[in-house]
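Asks: Quick one: dock chain against chain with the hints and give me the complex.
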Amino acid sequence: MNIDNLKDKWRQAPPPVYSNDGERPTTPLGSERPPSIRSSRNKLARRYLVLTIFSATLLVCSPLTYTSLGYPALLTLWLIMFLDMTTIFNFVLYNHIRSLNVSRLTVIEMIRHMKTMTAMRRRFRIISLATGIPFIAILLVYFLDHNATATLMGGFIGGTIGALIGVTKELSLRRVLTDIEDQLDDLSQQQ
Amino acid sequence: MMGNNNSDTTRKVLFDTVIGEHGALVAKLCYMYGHDDHSRKDLYQECLINLWEGLPSFKGDAKLTSWIYRTCINTCISCYRHNRRHMGLVSLDSITHPAVPPQEDDRTSQLQELYTLINMLNPLDKAIIMLWLDEKSYDEIAAITGLVRNTVASRLRRIKARLQQLSSQ
Numbered sequence: 170m171n172i173d174n175l176k177d178k179w180r181q182a183p184p185p186v187y188s189n190d191g192e193r194p195t196t197p198l199g200s201e202r203p204p205s206i207r208s209s210r211n212k213l214a215r216r217y218l219v220l221t222i223f224s225a226t227l228l229v230c231s232p233l234t235y236t237s238l239g240y241p242a243l244l245t246l247w248l249i250m251f252l253d254m255t256t257i258f259n260f261v262l263y264n265h266i267r268s269l270n271v272s273r274l275t276v277i278e279m280i281r282h283m284k285t286m287t288a289m290r291r292r293f294r295i296i297s298l299a300t301g302i303p304f305i306a307i308l309l310v311y312f313l314d315h316n317a318t319a320t321l322m323g324g325f326i327g328g329t330i331g332a333l334i335g336v337t338k339e340l341s342l343r344r345v346l347t348d349i350e351d352q353l354d355d356l357s358q359q360q
Numbered sequence: 008m009m010g011n012n013n014s015d016t017t018r019k020v021l022f023d024t025v026i027g028e029h030g031a032l033v034a035k036l037c038y039m040y041g042h043d044d045h046s047r048k049d050l051y052q053e054c055l056i057n058l059w060e061g062l063p064s065f066k067g068d069a070k071l072t073s074w075i076y077r078t079c080i081n082t083c084i085s086c087y088r089h090n091r092r093h094m095g096l097v098s099l100d101s102i103t104h105p106a107v108p109p110q111e112d113d114r115t116s117q118l119q120e121l122y123t124l125i126n127m128l129n130p131l132d133k134a135i136i137m138l139w140l141d142e143k144s145y146d147e148i149a150a151i152t153g154l155v156r157n158t159v160a161s162r163l164r165r166i167k168a169r170l171q172q173l174s175s176q
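First to last, the sequence lines map onto chains A and B. So the first sequence is residues 170 to 360, counted in my numbering. So the second sequence is residues 8 to 176, counted in my numbering.
Since the hints were derived computationally from the structure, they do not count as laboratory data. Even for Gly, the Cβ is constructed at its ideal location relative to N, Cα and C. Heads up, a few of these hints could be off.
[Said to hold, decoys possible] One-sided and incomplete, this derived list gives chain B residues near chain A with beta-carbon spacing under 7 Å:
| no. | residue |
| --- | --- |
| 1 | Asp68 |
| 2 | Ile80 |
| 3 | Leu118 |
| 4 | Gln119 |
| 5 | Thr123 |
| 6 | Met127 |
| 7 | Leu170 |
[Claimed, not checked] Below, a sample of chain A positions facing chain B; criterion: calculated Cβ distance under 8 Å:
| no. | residue |
| --- | --- |
| 8 | His265 |
| 9 | Ser268 |
| 10 | Glu278 |
| 11 | Met279 |
| 12 | Ile280 |
[Unchecked claim] Below, in silico cross-link-like pairs of lysine-lysine (BS3-like), each with a Cα-Cα straight-line distance of 30 Å or less:
| no. | chain 1 | residue 1 | chain 2 | residue 2 |
| --- | --- | --- | --- | --- |
| 13 | A | Lys338 | B | Lys70 |
| 14 | A | Lys284 | B | Lys143 |
| 15 | B | Lys143 | A | Lys178 |
| 16 | B | Lys167 | B | Lys66 |
Isolated chain B (complex conformation) (with noise of 0.2 Å):
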């Protein structure tokens, strides 16, 4: 019983550095992965469900933020039967609720692009990008992802590649 209280109260302290220290990048993956704001709010509770489930069996041998992305875009992933139909569209909420605030600045609206164009890419080229953004090492992406690292490395230029040639487009 005490051994149950004391995994408890270990569980709610890891979440709650999980959701504050990390709740924006849950946001960010979110936002991505949905296609209108209801549901990314849905993806957003579903996220966080699946972390409270997952921390049981965190045992830390990965970094945190490795396995929140880890569990987040499984997660995303997995509703993507629903997401499906709307992929390679721009929703309107990414119009009227542009992820970046408007400003006045070139690279502010350039990365408001960059979101519109990582959110017509597939669910995979779309974890990968967002993973080598975020500054995670190859090593670090092949781990969360399940490829090789030279996998990742050849992947992220098309990637690139492609982002490029639709933003000329």
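The following block holds chain A by itself, in its conformation from the complex (with noise of 0.2 Å):
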């Protein structure tokens, strides 16, 4: 196969179809956008500003689970640090989606963005992990201590299951992340 014989032939040939009966994908905006449209890029942005609200919102009322519910002053504060972080995580990562331009990045300044992103997510994963499992295990400590044994199976399983999913989500990202950094590497062989 010469490739540089192919340059008209691939000039000409007429757009790609997407099914046997020549459909090609509609416009979802024709000359007037409909203001419910996002971009998955901005539904993205706005996921991360919810959660930094929802975040925020349960920091403040987190005081409540020592002075309301009695829980232990340990538990109560290991919460706060939890939601301290996960709210100032999730800001970042809004702040950080929200500011990407891609009509005006370089596709090498996208790929860059990517990494960042992607190791942004997997560090804070990381550490949320990492302080989430020792307050599920106080929390778990408590509930037995106060012979609470279908809480402390709920919570058990709910743990579990969250701590699995964790796992699973960082090791797809550090894959994908394996792949950026190659590229990159590659690239930064060649220049």
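Replies: Written out as structure tokens, the structure reads:
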């Protein structure tokens, strides 16, 4: 196959069709864009904003676990620390995604942003897991002391499922990060 | 208020031009970065939304096609995580719905093979070879990708060699 000879053919080839009846994707916009249509980047940014607001609200309410529910002070302090970090992490990610402008960045800058973003999400997830697991452990010990067997079992199962999901996501993020790093390493060697 | 109406009208006119004249280019890029019909359609919608959102920042200091390329490639790359697990695989869709309609023509079958082989490259290499196939100059490719001109040239040589190697396998 001589790639150089295929240049003309490539340019003249009709746009690809996506199904047997020759259907092409339709535009969601036409000339007028309905206000409800958002790019997935904006949707992701909004998701992090909602998470920021949610964890900030929980943070404000967290002293109630000590004053009203009578949980141990250590548990409340750990919860405050955990929610503090979660709020900051979600806000940092929200800010990072919001600042991306796909029509201004070069392809390399976009790949670097992807790398930064993936690394940041991975780091935040590891820190959240590292602080969340001791918190759940303290909570379980507390339930054990108070003979709340059903709550204890529920907490244990929930914690295990949460940790498994966290580890799976972490492995997936690590693979993406390795892929992106390989591409950038290859480039820096060439340049 | 009047100014807003004017800028909205300009935006709509420009967007119609983008879709009317360069819709095929966007579809081709999405075809190359998506792994099946569904993901390609999603990418296409995503590209159009980003083109619409980016239109106010288009100042005309670059060619319109270069700006479209940059926006669409970046959009496709930002969906990399979703499409990553299918990289290097040839989807059934690309066999049942080939990009190029089947004809008794050797060059057409070679072009279909080229589509399949390009699909196996990493996102950056895919962008570089597509820009080159679309007759973009090295300087334009460098401006869109952010690579140095010389790196573009050497990278292209490597990509072509890789495609030849994949083709002979």
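Asks: With a cut-off of 8 Å on the beta carbons, see whether A/Ser268 makes it to chain B.
Replies: 13 Å, violated
Asks: Measuring from the C-beta of B/Leu170 to each C-beta in chain A, is the shortest one below 7 Å?
Replies: At 6 Å from the nearest chain A Cβ, B/Leu170 passes the 7 Å test, so the hint holds.
Asks: So, as I understand it, the hint says B/Met127 touches chain A; can you test that by seeing if any CB pair is closer than 7 Å?
Replies: Since chain A brings no Cβ nearer than about 14 Å to B/Met127, farther than 7 Å, the hint is violated.
Asks: Taking 30 Å as the top limit, are the C-alpha atoms of A/Lys338 and B/Lys70 close enough?
Replies: Cα-Cα ~40 Å, so violated.
Asks: For the pair supplied as a hint, B/Lys167 and B/Lys66, confirm whether the alpha-carbon distance does not exceed 30 Å.
Replies: 34 Å, violated
Asks: Taking the closest Cβ pair, is B/Ile80 under 7 Å from chain A?
Replies: The hint holds - B/Ile80 has a Cβ within 7 Å of chain A, the shortest such distance being about 5 Å.
Asks: Does the CB of A/Ile280 sit less than 8 Å away from some CB of chain B?
Replies: At about 6 Å, which falls below the 8 Å cut-off, the nearest Cβ of chain B leaves the hint on A/Ile280 intact, so it holds.
Asks: Does the alpha-carbon distance linking A/Lys284 and B/Lys143 stay inside the 30 Å limit?
Replies: 27 Å, holds
Asks: Given A/Glu278 as an interface hint, is the shortest Cβ-Cβ distance to chain B below 8 Å?
Replies: 6 Å, holds
Asks: Given a cut of 7 Å on the nearest C-beta pair, is the interface hint for B/Gln119 held or broken against chain A?
Replies: It is violated, given that the least Cβ distance between B/Gln119 and chain A is near 9 Å, above 7 Å.
Asks: Hint check: B/Lys143 vs A/Lys178, CA-CA at most 30 Å. Holds or violated?
Replies: Holds, at roughly 15 Å.
Asks: Does the closest beta carbon of chain A sit nearer than 7 Å to the beta carbon of B/Thr123?
Replies: 11 Å, violated
When the structure is compared with the earlier hints, violations turn up for hints 1, 4, 5, 6, 8, 9, 13, 16 and for no others.
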